[in-house]
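Engineer: In case you want the letters, here they are:
There are 2 protein chains.
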Amino acid sequence: MSGLEFWFDFASTYSYLSAVRLAERKDVAWRAFLLGPIFSEIHGSSDSPFNRNPKRGSYMWIDVAREAKALGQPFRVPSAFPRGSLLATRIAFLAEGEPWIGPFVRAIFEANFVYDLDIGDEMVVTAVLRAFTPEAERFVARAKEPAIKALLFERTREASARGIFGAPTFFAKGELYWGNDRLDAADRALRGEHPGRAEQNREC
Amino acid sequence: MSGLEFWFDFASTYSYLSAVRLAERKDVAWRAFLLGPIFSEIHGSSDSPFNRNPKRGSYMWIDVAREAKALGQPFRVPSAFPRGSLLATRIAFLAEGEPWIGPFVRAIFEANFVYDLDIGDEMVVTAVLRAFTPEAERFVARAKEPAIKALLFERTREASARGIFGAPTFFAKGELYWGNDRLDAADRALRGEHPGRAEQNREC
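Chains as they are written, first to last, in this note's numbering: chain A, 1 to 204; chain B, 1 to 204.
Hints listed in this document are in silico derivations from the structure and should not be mistaken for laboratory results. Keep in mind it's a predicted model, so treat the numbers as computed, not measured. Every residue, glycine too, gets a C-beta built ideally from N, C-alpha and C. Heads up, a few of these hints could be off.
Incomplete in silico selection of chain A near chain B, CB under 10 Å [to be verified]:
{"#": "1", "residue": "Ile42"}
{"#": "2", "residue": "Ser46"}
{"#": "3", "residue": "Arg52"}
{"#": "4", "residue": "Glu145"}
{"#": "5", "residue": "Lys149"}
{"#": "6", "residue": "Leu152"}
{"#": "7", "residue": "Glu158"}
{"#": "8", "residue": "Gly163"}
{"#": "9", "residue": "Phe165"}
{"#": "10", "residue": "Trp178"}
Restricting the straight-line Cα-Cα distance to at most 27 Å, the calculated cross-link-like pairs of lysine-lysine (BS3-like) are [unchecked claim]:
{"#": "11", "chain 1": "A", "residue 1": "Lys69", "chain 2": "A", "residue 2": "Lys26"}
{"#": "12", "chain 1": "A", "residue 1": "Lys26", "chain 2": "A", "residue 2": "Lys173"}
{"#": "13", "chain 1": "B", "residue 1": "Lys69", "chain 2": "A", "residue 2": "Lys55"}
{"#": "14", "chain 1": "B", "residue 1": "Lys69", "chain 2": "A", "residue 2": "Lys173"}
{"#": "15", "chain 1": "B", "residue 1": "Lys69", "chain 2": "B", "residue 2": "Lys173"}
{"#": "16", "chain 1": "A", "residue 1": "Lys55", "chain 2": "A", "residue 2": "Lys69"}
{"#": "17", "chain 1": "B", "residue 1": "Lys55", "chain 2": "B", "residue 2": "Lys26"}
{"#": "18", "chain 1": "B", "residue 1": "Lys55", "chain 2": "B", "residue 2": "Lys69"}
{"#": "19", "chain 1": "B", "residue 1": "Lys149", "chain 2": "A", "residue 2": "Lys55"}
{"#": "20", "chain 1": "B", "residue 1": "Lys26", "chain 2": "A", "residue 2": "Lys149"}
{"#": "21", "chain 1": "A", "residue 1": "Lys69", "chain 2": "B", "residue 2": "Lys173"}
{"#": "22", "chain 1": "B", "residue 1": "Lys55", "chain 2": "A", "residue 2": "Lys173"}
{"#": "23", "chain 1": "A", "residue 1": "Lys55", "chain 2": "B", "residue 2": "Lys55"}
Label-pair ranges, simulated between beta-carbon atoms [to be verified]:
{"#": "24", "chain 1": "A", "residue 1": "Asn51", "chain 2": "B", "residue 2": "Tyr115", "range": "37 to 43 Å"}
{"#": "25", "chain 1": "B", "residue 1": "His43", "chain 2": "A", "residue 2": "Thr126", "range": "36 to 42 Å"}
{"#": "26", "chain 1": "A", "residue 1": "Gly72", "chain 2": "B", "residue 2": "Gly163", "range": "24 to 30 Å"}
{"#": "27", "chain 1": "A", "residue 1": "Pro99", "chain 2": "B", "residue 2": "Ser46", "range": "34 to 40 Å"}
{"#": "28", "chain 1": "B", "residue 1": "Pro74", "chain 2": "A", "residue 2": "Arg130", "range": "54 to 60 Å"}
{"#": "29", "chain 1": "A", "residue 1": "Gly72", "chain 2": "B", "residue 2": "Arg191", "range": "16 to 22 Å"}
{"#": "30", "chain 1": "A", "residue 1": "Pro99", "chain 2": "B", "residue 2": "Pro37", "range": "39 to 45 Å"}
{"#": "31", "chain 1": "A", "residue 1": "His43", "chain 2": "B", "residue 2": "Glu135", "range": "42 to 48 Å"}
{"#": "32", "chain 1": "A", "residue 1": "Arg157", "chain 2": "B", "residue 2": "Arg142", "range": "51 to 57 Å"}
{"#": "33", "chain 1": "A", "residue 1": "Asp121", "chain 2": "B", "residue 2": "Gly44", "range": "33 to 39 Å"}
{"#": "34", "chain 1": "A", "residue 1": "Trp100", "chain 2": "B", "residue 2": "Arg157", "range": "49 to 55 Å"}
{"#": "35", "chain 1": "B", "residue 1": "Glu193", "chain 2": "A", "residue 2": "Val77", "range": "19 to 25 Å"}
{"#": "36", "chain 1": "B", "residue 1": "Pro54", "chain 2": "A", "residue 2": "Trp100", "range": "36 to 42 Å"}
{"#": "37", "chain 1": "A", "residue 1": "Ile148", "chain 2": "B", "residue 2": "Phe153", "range": "54 to 60 Å"}
Next up, chain A with everything else stripped away, as it sits in the complex (with noise of 0.2 Å):
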């Protein structure tokens, strides 16, 4: 079990991605993080490094809707970017226990990135929620707990100390693969291959 780590942030597009493709997956252990302390120790700003360099962030949105559509994912570009998503990523934290978390990350970046809703609103991640669990209140009220915004600030600092500046990150027998583009290559590491771009020599 376990064999693929997948280190995500809400307000990742890219991470949007690849919670799609491993939403059903049941090798997985998820981690939700922050990536805005991240940024902020890397760049002096939390902003998404998208809105610093408009031209790379122009590209970024069709690049992000190819890779979607290539993936048979709906996505529309958010009318707000990045969103606040500290609440919705401390119930991941706490639910990464759960049969469901797969799933209920995914019904997250959905409402961001398919629907435009403020997941950074209690409403909204609530009414996700309970489509997994009849104690989504519950949920909600223990991640409002100090002790949950320190372990969450903790997790950040493994990131950190882990070598990850960026999302979506993958660890795969050790080894750090960043971004949507190398959840291949981390697979292929798990299976024992060489992590990378296979389909260059695989004759069809």
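Given the structure of chain A, go ahead and fit chain B onto it with the hints provided.
Structural biologist: Relative to chain A, chain B alone:
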């Protein structure tokens, strides 16, 4: 002819990988340019983002080594990065119409990223060039003329005007694709297929 435009910078590790993949193709328009002025415009520094962000930088070297291995292509972390490549860039600019442009560009990249030679050194560049043309000295002399400097400056302005923010960048059917990871997508677009990653839907 020239279905695919390939914009590259000799200091760019991912441009190296793309140059290796494209060197022998006949349908490529090679576009040498300088990323430094574009980085200055965007980031306020002409240094590589990989140097300005050490975590991302360390990961890049691991990632490029993995990708090179998957291509069956040698790769060595150079002892200096990024290397000055103004003369080599001007020569590539002058040679874009030559039948040996692809193999020449690949050879300059290999001098840097396989043999760890200083591609900023005129002797290194001239030696590489001699393998492709008996007029190596004439190319080097022309590359130093102010008119060529002005034309390369214009080229870099064109890159910026067309939305380029990094390298490698491809244009296929008027659309921009950024990064070695999107060369396959650009090629699919050229063939009139959806540019998204086809391997996800492919049965082998």
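Engineer: It remains to establish, for every hint, whether it holds in the given structure.
Structural biologist: Here is how each hint holds up against the structure:
| no. | hint | verdict |
| --- | --- | --- |
| 1 | Ile42 | holds (6 Å) |
| 2 | Ser46 | violated (15 Å) |
| 3 | Arg52 | holds (9 Å) |
| 4 | Glu145 | violated (31 Å) |
| 5 | Lys149 | violated (25 Å) |
| 6 | Leu152 | violated (21 Å) |
| 7 | Glu158 | violated (14 Å) |
| 8 | Gly163 | holds (6 Å) |
| 9 | Phe165 | holds (4 Å) |
| 10 | Trp178 | holds (6 Å) |
| 11 | Lys69(A) x Lys26(A) | holds (25 Å) |
| 12 | Lys26(A) x Lys173(A) | holds (17 Å) |
| 13 | Lys69(B) x Lys55(A) | violated (31 Å) |
| 14 | Lys69(B) x Lys173(A) | holds (18 Å) |
| 15 | Lys69(B) x Lys173(B) | violated (30 Å) |
| 16 | Lys55(A) x Lys69(A) | holds (22 Å) |
| 17 | Lys55(B) x Lys26(B) | violated (38 Å) |
| 18 | Lys55(B) x Lys69(B) | holds (22 Å) |
| 19 | Lys149(B) x Lys55(A) | holds (26 Å) |
| 20 | Lys26(B) x Lys149(A) | violated (57 Å) |
| 21 | Lys69(A) x Lys173(B) | holds (18 Å) |
| 22 | Lys55(B) x Lys173(A) | holds (19 Å) |
| 23 | Lys55(A) x Lys55(B) | holds (23 Å) |
| 24 | Asn51(A) x Tyr115(B): 37 to 43 Å | holds (40 Å) |
| 25 | His43(B) x Thr126(A): 36 to 42 Å | holds (40 Å) |
| 26 | Gly72(A) x Gly163(B): 24 to 30 Å | holds (28 Å) |
| 27 | Pro99(A) x Ser46(B): 34 to 40 Å | violated (51 Å) |
| 28 | Pro74(B) x Arg130(A): 54 to 60 Å | holds (56 Å) |
| 29 | Gly72(A) x Arg191(B): 16 to 22 Å | holds (20 Å) |
| 30 | Pro99(A) x Pro37(B): 39 to 45 Å | violated (53 Å) |
| 31 | His43(A) x Glu135(B): 42 to 48 Å | holds (47 Å) |
| 32 | Arg157(A) x Arg142(B): 51 to 57 Å | holds (56 Å) |
| 33 | Asp121(A) x Gly44(B): 33 to 39 Å | holds (36 Å) |
| 34 | Trp100(A) x Arg157(B): 49 to 55 Å | holds (53 Å) |
| 35 | Glu193(B) x Val77(A): 19 to 25 Å | holds (24 Å) |
| 36 | Pro54(B) x Trp100(A): 36 to 42 Å | holds (38 Å) |
| 37 | Ile148(A) x Phe153(B): 54 to 60 Å | holds (55 Å) |
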